[in-house]
Amino acid sequence: MIDAGQVILSESVSTTDASGDELEATVREQARLVYRIAYSVLRNHHDAEDVAQETFLRFLRQRKRWAEIRDRRAWLAAVAWRVALDRKRLPAEVRLEETAEVVSKLRADGAAVDEIAASRQMMSLLERLVSSLPLDLREALILSATEELTSVEISEVLGIPEGSVRTRLLRAREILREKLAALLEHKHAR
Amino acid sequence: MHDDEPDPFVDELLEASLKQYRGEEPRSGLEMRILAGVRTQERATRLHWLGWAVAVCAGILAVIALTLHFAPTQLRQPTPSASLPQPATTQPAPPMVSRQQRLLSLRRPAGGVHRVATRRSPPEQFPTPLPLTEQEKLLLAYFNKTAKPDSIPGTGENSAGGLEIPRIIVAALQIEPLDDSQSEQGK
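Just so you know, the sequences run in chain order Z and H.
So for the first sequence, my numbering puts the first residue at 37; every next one is plus one.
So for the second sequence, my numbering puts the first residue at 282; every next one is plus one.
No lab work stands behind these hints, which were simulated from the structure alone.
Hints should not be assumed to be uniformly reliable.
Far from chain H by the CB rule (all over 10 Å, computed), these chain Z residues [as the list claims (entries may be wrong)]: (1) R109; (2) E134; (3) E137; (4) T182; (5) E189.
Selected chain Z positions facing chain H (in silico; Cβ < 7 Å) [as the list claims (entries may be wrong)]: (6) L96; (7) G146; (8) E183; (9) T186.
Derived pair list, reagent style BS3-like, types lysine-lysine, alpha-carbon separation capped at 25 Å [unchecked claim]: (10) Z:K141 - H:K300; (11) Z:K141 - Z:K215; (12) Z:K215 - Z:K100; (13) Z:K215 - H:K426; (14) Z:K124 - H:K418.
A quick note: this is a predicted structure, and the numbers were derived from the prediction, not measured.
Idealized CB from N, CA, C, for every residue including glycine.
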């Protein structure tokens, strides 16, 4: 026997079949982008998946406005970016001196650049350096580091001109290079 | 090392680190997990709203049922009504009428009382009858003393001093019998 509640629920689900198919197609196309943006902010798989899910849930709830969304990819990127920033916690404290010392030791031992870059210490060091950047530079660098968005799309997410995005990226890399060089030279000179 | 000669190792390390910074590939089945999570949450939200809607409808129905249940009872409840003071004369007790009707009858001349009484009276419950005020009582007593009961023209009561209406004399009608010969000629 089917009660009234089940009938209402089945009808409401059946009316959303069309939007469900479109949602599924959008998830298959853009899930990776959304996940990467979330991960670039949160640096955690679980949190990034939660943010991706939240982003597509918001997308589904806006189903009546889907036709108005001009660039669905940029829209999803912007939502994922905002949701991830809302969830972002302060990065764990990393002792810059200690991590730089480990990286210098790896270099002295003759490790390849890719090997050093993949090391946990180097990742911690880079995260710490990135988090120390000014906010506007950090945002542009993080979105750029996902390698999923073009500078035009980054400009749409951040709401700034494309030229500003390029300028901020150059400046961010410059600061990172200076700080990394200072840390490694200091240890290398010892 | 001089500042104007950048260390190529730092540049290479930074580039390689930034490539690593993008993170590992998402675990397989990301899309399915996202879709399952989104659908579960959406269903939960829908059920949440459905529950609220049912609760609100039940509340509205309960209010309507209670209103319908108690409304007739209130109508049946007796309302305080004021009885008119008994006049000193031997007039029959006036029927229970509303305050509005009583005031109307008080303001009208004696000849109009009869017409008011024959009108269809409004419902007794509206407006709610209230006891007469002192002034109304005095006014009623005055009318009872001064006004005379309605007189119906042509009755014995009127002959004492009422309005004289001349008698109308109507001549007796005379209908002649039909003539059979005339009726046959008409055929």
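Here is what the structure says about each hint:
{"no.": "1", "hint": "R109", "verdict": "holds, 16 Å"}
{"no.": "2", "hint": "E134", "verdict": "holds, 17 Å"}
{"no.": "3", "hint": "E137", "verdict": "holds, 15 Å"}
{"no.": "4", "hint": "T182", "verdict": "violated, 6 Å"}
{"no.": "5", "hint": "E189", "verdict": "holds, 15 Å"}
{"no.": "6", "hint": "L96", "verdict": "holds, 6 Å"}
{"no.": "7", "hint": "G146", "verdict": "violated, 12 Å"}
{"no.": "8", "hint": "E183", "verdict": "holds, 6 Å"}
{"no.": "9", "hint": "T186", "verdict": "violated, 15 Å"}
{"no.": "10", "hint": "Z:K141 - H:K300", "verdict": "holds, 22 Å"}
{"no.": "11", "hint": "Z:K141 - Z:K215", "verdict": "holds, 18 Å"}
{"no.": "12", "hint": "Z:K215 - Z:K100", "verdict": "violated, 48 Å"}
{"no.": "13", "hint": "Z:K215 - H:K426", "verdict": "violated, 117 Å"}
{"no.": "14", "hint": "Z:K124 - H:K418", "verdict": "violated, 85 Å"}
Checked against the numbered hints above, the structure breaks hints 4, 7, 9, 12, 13, 14 and satisfies the rest.
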